[in-house]
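Q: Sequence:
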Amino acid sequence: DVVNVGWGQDVTVRELAEIVCDVVGFSGDLEFDHSKPDGVPRKLLDVSKLGKLGWRPRISLREGIRSTYDWFLKEGDR
1 DVVNVGWGQD
11 VTVRELAEIV
21 CDVVGFSGDL
31 EFDHSKPDGV
41 PRKLLDVSKL
51 GKLGWRPRIS
61 LREGIRSTYD
71 WFLKEGDR
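In the numbering used here, the protein residues as written are 1 to 78.
Derived from the structure by calculation, the hints contain no laboratory data.
Each pair of labels, with its calculated beta carbon distance range:
hint	residue 1	residue 2	range
1	69	10	18 to 26 Å
2	31	76	20 to 28 Å
3	78	51	31 to 39 Å
4	34	5	27 to 35 Å
5	21	45	16 to 24 Å
Where a beta carbon is used, it is the ideal one built from N, C-alpha and C, also for glycine.
Whenever a hint applies, use it, and build me the whole structure from the sequences.
A: Below, the structure written as structure tokens:
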């Protein structure tokens, strides 16, 4: 079975982008294409299947992004 692993809480694309910028140290400007109103302004992954299996996230979205970024810095060039 395919299982969607995610944070399980609603987050806007802007909030996600701001977290990533903060984690990686990007201090530039974020720009969003407002000419595409049918784009996805929010992201929410359904983690109900995992919940039924007893799984719960132990780290925050920010911590997960930080951990992934740190791993990439260490292992990304291999």
